[in-house]
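Engineer: In case you want the letters, here they are:
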Amino acid sequence: MSKFYDVVIAGGGVIGASCAYQLSKRKNLKVALIDAKRPGNATRASAGGLWAIGESVGLGCGVIFFRMMSANRKREAQGAAVAVDSSTPHILPDSFFEFALQSNALYPDLHRELQEKHGMDFKFEKTGLKFVIYDDEDRLYAEHIVACIPHLADQVRWLDQTALREAEPSVSHEAHGALEFLCDHQVSPFRLADAYTEGARQNGVDLYFNTNVTEVLRQGSRVVGVQTAEAGKFRCDTLINAAGAWAAELSQQATGIRIPVSPVKGQILLTERMPKILRGCLTTSDCYLAQKDNGEILIGSTTEDKGFDVTTTYPEIYGLGQGAIRCIPELEHINLKRCWAGLRPGSPDELPILGPMKGVQGYLNACGHFRTGILTSAITGVLLDKLVNNEALPLDITPFLADRFEVKQTVAVKQAEMA
Amino acid sequence: MSLHPVIVGGGPAGMAAAIELARHGVHCTLLEEASRLGGVVFRGPLRDGVQLDYLGPRYAESLAKLHGDFLDRCALIDVCLNTRVVGAEGTRALVMLDADERVQEITYPQLLLAAGCHERSVPFPGWTLPGVILLGGLQLQIKSGVVKPQSPVVIAGTGPLLPLVACQLHASGVKVAGVFEACAFGKIAKESLALLNKPQLFLDGLSMLAYLKLHRISMRYGWGVVEAQGEGELRSVTVAPYSSNWQPDLSLAEQVPAQTLAVGYGFIPRTQLSQQMGLEHGFSVDGYLRATANIWQQSSEPHVHLAGDMGGIRGGEAAMLSGRIAALSILVQRDVLSSEKALHLRERYLAKLKSIVRFRAAVDRYTERGAGQTALPAADTLICRCENATRADIDRALSQGVQDMASLKMRTRVSMGDCQGRMCVGYCSDRLREATGRQDVGWLRPRFPIEPIPFSAFQNLGTDALNHE
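Which chain is which? The protein sequence lines are F and S, in order.
The opening position of the first sequence corresponds to residue 1 in my numbering, with each subsequent residue numbered one higher.
The opening position of the second sequence corresponds to residue 420 in my numbering, with each subsequent residue numbered one higher.
For reference, chain F alone in the conformation it holds in the complex:
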């Protein structure tokens, strides 16, 4: 009793849902979206920032990631924890900028389209992202960022202390100013995933929730379907791996090669609802803050290598809370409503893993989106739709192919030896 589909998408997070939605718009393909809810689903845990420049230059989630990497590196080198090295901002390669910015540009239209055609509002808000500068080290860091992205000069604005106080009156008066990224906005992450999913469903995609893929079916080097625990066999021409933090396992079953995706834990705090006190999203060297459409302020996030563990831990909650109070002093008297943890699908070079793999037919990757899955879900859906339909792509995905890793890994080792 097999079901027959043109495309089976394994993983119903924001990436899988976006692929399903884009594929569904053609209406000539039979598509199934299969999802098993697992604790730590990154889409539901996400903050929902569309911080195209911010994340590309290592702010937002990135600043914390970078601090961790940098601290680890120094700890290894000197046997002690040392602060972030401000002279080397953590800037991703040009290919990622292009990917992130193209995706970002899709949201205004996507927001209108999903609302008008499918009645789903994912709460797209134009907010900007301000990197709050407390001291000289922060300023140096910001200056380096600006120096690295001359081509985006028109999307960047400096705010001095007066301008910052006027723009964000709730930010601590200890802040010296801010560097704002004008095109970085926010959405509601789970509404975005729900909007894609519901749009896809209305366009005829079959949804299989609470369904676990137990095996990938192959004929020689060709993937021909999946076996599930709850809904039997699915035969398909193309299997899309959108399994988030769990993608490595699926790729191994499908191709025999374990793509290097591993869970990167992030903890997030949420305040009770508040009047609108933040006009835009904020990032500091301690945390980021985003006030959502209903007044809650979301404070993120840690970057931890703890496998699939999704417990919340008190020192980390405390640390994020302190960082938030430092930025917005009045939060001290506000209630913490909830905390949670999610698992980002991390890849070694922080770039996503997209498209086909050498020597395997009927299989496409759509994973490894690390900390920018919400932002880059839009372009990922567009790319995967075009890959399935053999059409020209809006950008070169060579840097994102899984096949890059064998080569890259040896390069990374060499660099480490030289350092």
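What the hints contain is simulated information worked out from the structure, not anything from laboratory work.
The reader is advised that the hints may include incorrect statements.
[To be verified] Some chain F residues flagged as far from chain S (calculated, every beta-carbon gap over 12 Å): (1) H111; (2) V156; (3) R165; (4) H173; (5) P189; (6) R191; (7) E198; (8) Q202; (9) G220; (10) S221; (11) G232; (12) K276; (13) E296; (14) M357.
[What the hints assert, rightly or not] A few chain F residues facing chain S, derived, Cβ under 7 Å: (15) L207; (16) C339; (17) F405.
Beta carbons: idealized from backbone N, C-alpha and C, even for Gly.
The hints should help you fit chain S onto chain F, whose structure is shown.
Structural biologist: Leaving out everything else, chain S in the frame of chain F:
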């Protein structure tokens, strides 16, 4: 690290366990969220010098006995009042908000969870009007707050609490306009024999009914709430005959003027903490989630015990017995009591528990909720009061294929508010089970903190935790 066993919840289960431990010379720490011990059943008045004669002599007696026994043993019991447990770190430590609003961590060698239950909210048009209140909450007001509700009062719901509260209200001078028991009289009568397992309770029940009759308070069986009306506050309540599956017959509906409507359609165990600890849970016949315990009241982690309504709704007397059994297990784990001695004592408690369980099963059978009640809310009736999610929002989500609680939460925001779903979980679970035909549609997973806490409360814990590093 506390070397003593820790008990969460100073209701009958927690107090009885503390007494049993102390009886064997074992010191314990008892955490209670309220300003007095006793739980909702035996908290007693919050201020001194109050006569509680309207609650009946037997109640005063049991109240005095429990608190008296506790007082005799209090040298070995560290009581922390106004202390809320807001989270757990696995099955190693609890995180609590103390009376000074500071977050503290407490570890334990053995733990007893006796957090009780909360009331099942049943949404219907007008249920969020001021003046509409849950029955247990109302009883707590007359018992502990010593505050009378506005007359006249209409009571609607199911179970033995209805006539009891009606009598207590009348005795305290409140006008009761009517009591509406959802299940048919025949269904209760059929359980008479089983109800006689607790002859005293059965007699109490009969005398309550006689009392109501004597004072011309109408008690109607097979009737239930349909709607509450009023502008800004409650003015009247519409009631109607319920069919066997609790579908109201609106052609026979009646409007009853009322200032207060007390609604009591049952209880749901508080599993926020047990879920956060990762203990094993299962679903009851009534569809609620509860942590599972073995005959020693041990959870899936043997050093963590459960007692009272947390493990299933059985009331105060059963709570005390299960608390005592849990204490015996803790005593064995601490090598204070031999297995044989503990077994002997356990059998004695279990024998007493048996008749309560049979009585309770009869009550459960006649109070079995009918599925028809989920049809009461109108499209614009709020289901989740924290997030303003309406019945129409839930209908839409179900029509879009949402099949489990977590997805319903994401699609509609139900349970994303301060109460984390205590109020809407019952209705949402009922609707999902109805729509999918499945018994297990998931349950709301509580997040830390179980109740909102101010950021300033973290100072303590944070610095301690950082010092550890």
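Engineer: Would you mind marking each hint as holding or not holding in the structure?
Structural biologist: Verification of the supplied hints:
Under the 12 Å C-beta cut-off, the non-interface status given to H111 (chain F) relative to chain S holds; the minimum distance is some 18 Å. Every beta carbon of chain S lies more than 12 Å from that of V156 (chain F), the smallest distance being close to 32 Å; the non-interface claim holds. For R165 (chain F), the shortest C-beta to C-beta distance to chain S comes to about 22 Å, beyond the 12 Å cut-off, and the non-interface label holds. At roughly 19 Å, the least C-beta separation between H173 (chain F) and chain S is larger than 12 Å, which holds for a residue marked as non-interface.
Under the 12 Å C-beta cut-off, the non-interface status given to P189 (chain F) relative to chain S is violated; the minimum distance is some 10 Å. Distance check for R191 (chain F) against chain S: the nearest CB is about 8 Å away, which does not clear 12 Å, and the non-interface claim fails. Not every CB of chain S lies more than 12 Å from the CB of E198 (chain F), the least distance being 6 Å, so the non-interface label is violated. A cut-off of 12 Å between C-beta atoms contradicts the statement that Q202 (chain F) is not in contact with chain S; the least separation is 9 Å.
Interface exclusion of G220 (chain F) from chain S stands, the closest Cβ pair being 36 Å apart, more than 12 Å. Distance check on S221 (chain F): its Cβ is at least 35 Å (rounded) from any Cβ of chain S, clearing the 12 Å threshold; non-interface status holds. Once the 12 Å rule is applied to beta carbons, G232 (chain F) is consistent with being away from chain S; the minimum gap is 17 Å. Non-interface call for K276 (chain F) relative to chain S: holds, since the shortest CB-CB distance, roughly 18 Å, exceeds 12 Å.
A cut-off of 12 Å between C-beta atoms contradicts the statement that E296 (chain F) is not in contact with chain S; the least separation is 9 Å. Residue-level check passed: M357 (chain F) sits 31 Å from the nearest beta carbon of chain S, beyond 12 Å. Taking 7 Å as the C-beta cut-off, the interface hint given for L207 (chain F) holds, the closest approach to chain S being about 6 Å. Nearest Cβ of chain S to the Cβ of C339 (chain F): about 5 Å, under the 7 Å cut. The hint holds.
The beta carbon of F405 (chain F) is not positioned within 7 Å of any beta carbon in chain S (closest approach about 33 Å), and the interface hint is therefore violated.
Violation of the numbered hints given earlier is confined to hints 5, 6, 7, 8, 13 and 17; the remaining hints are satisfied by the structure.
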